[in-house]
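Hints in hand, dock the two standalone chains.
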Amino acid sequence: MGLLNNTMPANAVTNAVDGAVNWGRKSSLWPMTFGIACCAIEMMAVFAATYDLDRFGAGVPRATPRQSDLIIVPGTVNAKMAVRVKRLYDQMAEPRYVIAMGACVCGGGPYAKWGYNTVKGVHKIIPVDIFIPGCPPRPEALLDGILKLRENISRDDVFRRRRDTAQTLDSAYST
Amino acid sequence: MGMNEREIHALLTASGIDGVGGLEQPDLDPTVVLQPSALVEVMTLLRDDERLAMEMLHCVTAVDREDRVDVVYHVCSFARHHALTLRTSVAKPDDADESWHPEVPSVASVYAAADWHEREQWDLLGVHFTGHPDLRRLLLPPEWIGHPLRKDYVYPSEHGGIPLELDAVPIYERDEREDTPPVAEPRPAGTPLNQPPSAPSARPHAGGKAPAKKEGEG
Chain A
1 MGLLNNTMPA
11 NAVTNAVDGA
21 VNWGRKSSLW
31 PMTFGIACCA
41 IEMMAVFAAT
51 YDLDRFGAGV
61 PRATPRQSDL
71 IIVPGTVNAK
81 MAVRVKRLYD
91 QMAEPRYVIA
101 MGACVCGGGP
111 YAKWGYNTVK
121 GVHKIIPVDI
131 FIPGCPPRPE
141 ALLDGILKLR
151 ENISRDDVFR
161 RRRDTAQTLD
171 SAYST
Chain B
1001 MGMNEREIHA
1011 LLTASGIDGV
1021 GGLEQPDLDP
1031 TVVLQPSALV
1041 EVMTLLRDDE
1051 RLAMEMLHCV
1061 TAVDREDRVD
1071 VVYHVCSFAR
1081 HHALTLRTSV
1091 AKPDDADESW
1101 HPEVPSVASV
1111 YAAADWHERE
1121 QWDLLGVHFT
1131 GHPDLRRLLL
1141 PPEWIGHPLR
1151 KDYVYPSEHG
1161 GIPLELDAVP
1171 IYERDEREDT
1181 PPVAEPRPAG
1191 TPLNQPPSAP
1201 SARPHAGGKA
1211 PAKKEGEG
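Going down the list, the sequences are from chains A and B.
Quick note on numbering: the first sequence equals residues 1 to 175 in our numbering.
Quick note on numbering: the second sequence equals residues 1001 to 1218 in our numbering.
Extracted from the complex, chain B is given alone in its bound form (with noise of 0.2 Å):
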């Protein structure tokens, strides 16, 4: 059977790569904490060497402590049935502000599952990784301002014309507040009789103009 966290913690250390660190929490949730300068080269240590055979990235994500940004990966081998959690920290700095972007080595050079799980975390904590091949956002519209799961994050009240807030006004009244008048037009002369006095050609200011088409016709 498998390596446990201790055991495979103890072959990291004594793989003499620079920048592996203690063993956090071992008798609770095991995490190996490593600098950011020794990620890629752990990640392939773990992939590649046959005691250990870590075939699987599950899962990376962030975390943002205020006065940090942690990195987490989990790693897992079927072969071996054994896993492993990693984290590696950047320190914020003092006159950090919302632009500030932690930057982290990207390791999906050497797995491919990092691409995206790395996009999601650029997307939602503005994490940096450097080396990324696509770096864009994830699932908030290209557009978006900011990284919402930051603690500094300012919620929007709207994105491009959409209303965000609990109580915002709905956004066919508000264009019915300009457009349509309150109440009920005499109907002008020579008018159908089938069309209510309301309907955009019916209306006196209206004029030649044509009615405005609606979004998504033709």
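The shape of chain A in the complex, shown without the other chains (with noise of 0.2 Å):
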């Protein structure tokens, strides 16, 4: 994820650098302002007062797709719109997450079988990090999967060079 991942060997100055990077990444998720079909209206009830998503830093949905950190794909793909989710996922910049949000997007949910112009889950076309299943999920099963995410980035290398691609590389450079 990004350009600086697994730049730099791990030492005590990468590893402390890399926990306040990912700190500050994990507490100022910004969605992007993005719905196609009826999960978006649990996912506005989250970012609403009642769930009120910004005490995790991410209830700041952006206009654009330049100023996001988080696509939540909120409802069915179909062929038409796949093209466009795609668009959009391309112009964001790294690093970028992605939430499957309602069974359509996580694999075609009621239109698995018959469904002639529904992509098979959003998987398909971009990278997903969280899957949530439901039809729609509650507005609890969104937040958890922005829980379960904030989880994740905590544990991302940004600066740390990972065991097997520092071996690798040592090897490449010894010969």
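Everything labelled a hint here was simulated from the structure, so no lab data went into it.
Don't take every hint at face value.
Distance ranges between label pairs, derived from CB positions [said to hold, decoys possible]:
| hint | chain 1 | residue 1 | chain 2 | residue 2 | range |
| --- | --- | --- | --- | --- | --- |
| 1 | B | Asp1152 | A | Ala37 | 57 to 63 Å |
| 2 | A | Arg87 | B | Ala1010 | 57 to 63 Å |
| 3 | B | Pro1036 | A | Thr50 | 50 to 56 Å |
Straight-line distance between alpha carbons at most 30 Å, and here's what the computed DSS-like set of lysine-lysine pairs gives [stated by the list, open to error]:
| hint | chain 1 | residue 1 | chain 2 | residue 2 |
| --- | --- | --- | --- | --- |
| 4 | A | Lys86 | B | Lys1092 |
| 5 | B | Lys1151 | B | Lys1092 |
| 6 | A | Lys113 | A | Lys80 |
| 7 | A | Lys148 | B | Lys1151 |
| 8 | B | Lys1092 | A | Lys113 |
| 9 | A | Lys148 | A | Lys86 |
| 10 | A | Lys86 | A | Lys113 |
Here a beta-carbon is modelled for each residue, glycine too, at the ideal position from N, C-alpha and C.
If you want it as structure tokens, here you go:
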């Protein structure tokens, strides 16, 4: 994730910087203002006062993909829409995260068998970090998904070089 | 208050329009059966006769019955508080294939609401409404092939590069297999340290070639 990933060996400095950068990233997740179908209604409830996503720093939906870190895909992705979803994702800057919200986005849902123009899960188009099944999922489920994403981000390696990558590189340099 | 379906049917029969058939299922869901040729004349009468005053066309829909295609119309009157269902059918010839389009006259000249309803039926069932002002697809992309609600429809595996099958390989995995090497490449001398070895410009074979532009950029 990102150009900086795995560029330096693990040491006390990079570990500390990792922690700081990850804390910054997970505490100011900016989702894109983007909704497709009925799941978007539940997503709006999460942004609103009752569930108050702003408690976790993700309550500022951005109006452009270029300012967003997170795209929540809420609703059936069909052949026409898939092209647009892909284009929006491509315009987002790294690091970027994807949440697939709802049964349709996780694998076609009710359209899995006879949906003639439904993409059977948005993971056929863009890589997904968190899947949230449900038709639609409760707002609590989306909150839980975002908390899970925060956990994932806090384990991310920003500068630390992973052990296998480091070994491959070291053996390459020594020859 | 308004008329019931039997009374409306009697009025239509007495009007002398050719092609008005019987009243189907009079006790359950009364439906007036019409010949396609009578459609425009009957719809005009329903709208303009002051005893009927059907101002609104709710819905135009179609059904593939294998041996025929039905087109169903729902009209109602707010002024008179009554409603009516009408059906017309086109028999399917024995040698009909996917390119066969049943022909029914358009009622868009009588009810403007029929315009988009008929476009939807053209889109999903391939009913050709003769005399329609602008018979294009309404819901599916314009380059779509076939009419998906027909019984003989063949399901597509992809559309314009977007996979539509349940067990399709994700497109980004497909790209990775073709483009990127499976293991990390050694970092060539002189590469800036803040760039991972997999970045396009750091690859030896990428040479002077500019990295491919992402779709949607610029």
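Hint check:
For the pair B/Asp1152 and A/Ala37, the beta carbons lie near 29 Å from each other, so the given range of 57 to 63 Å is not met. A hinted range of 57 to 63 Å holds for the C-beta pair A/Arg87 and B/Ala1010, which are about 59 Å apart. Between B/Pro1036 and A/Thr50 the beta carbon distance is about 54 Å. The supplied range of 50 to 56 Å therefore holds. The suggested pairing of A/Lys86 with B/Lys1092 is violated, with an alpha-carbon distance near 41 Å, which exceeds 30 Å.
Using a Cα cut-off of 30 Å, the hinted pair B/Lys1151 and B/Lys1092 holds, with the two alpha carbons roughly 12 Å apart. Distance hint between A/Lys113 and A/Lys80 is fulfilled; the C-alpha atoms sit about 18 Å from each other, no more than 30 Å. At roughly 44 Å between alpha-carbon atoms, A/Lys148 and B/Lys1151 are farther apart than 30 Å, so this suggested pair is violated. Pair hint B/Lys1092 plus A/Lys113 holds up; C-alpha atoms about 28 Å apart against a cutoff of 30 Å.
Annotation: proposed proximity of A/Lys148 to A/Lys86 holds, straight-line Cα distance about 24 Å (limit 30 Å). About 23 Å separates the Cα atoms of A/Lys86 and A/Lys113, which keeps this hinted pair within 30 Å; it holds.
The earlier numbered hints that this structure contradicts are 1, 4 and 7.
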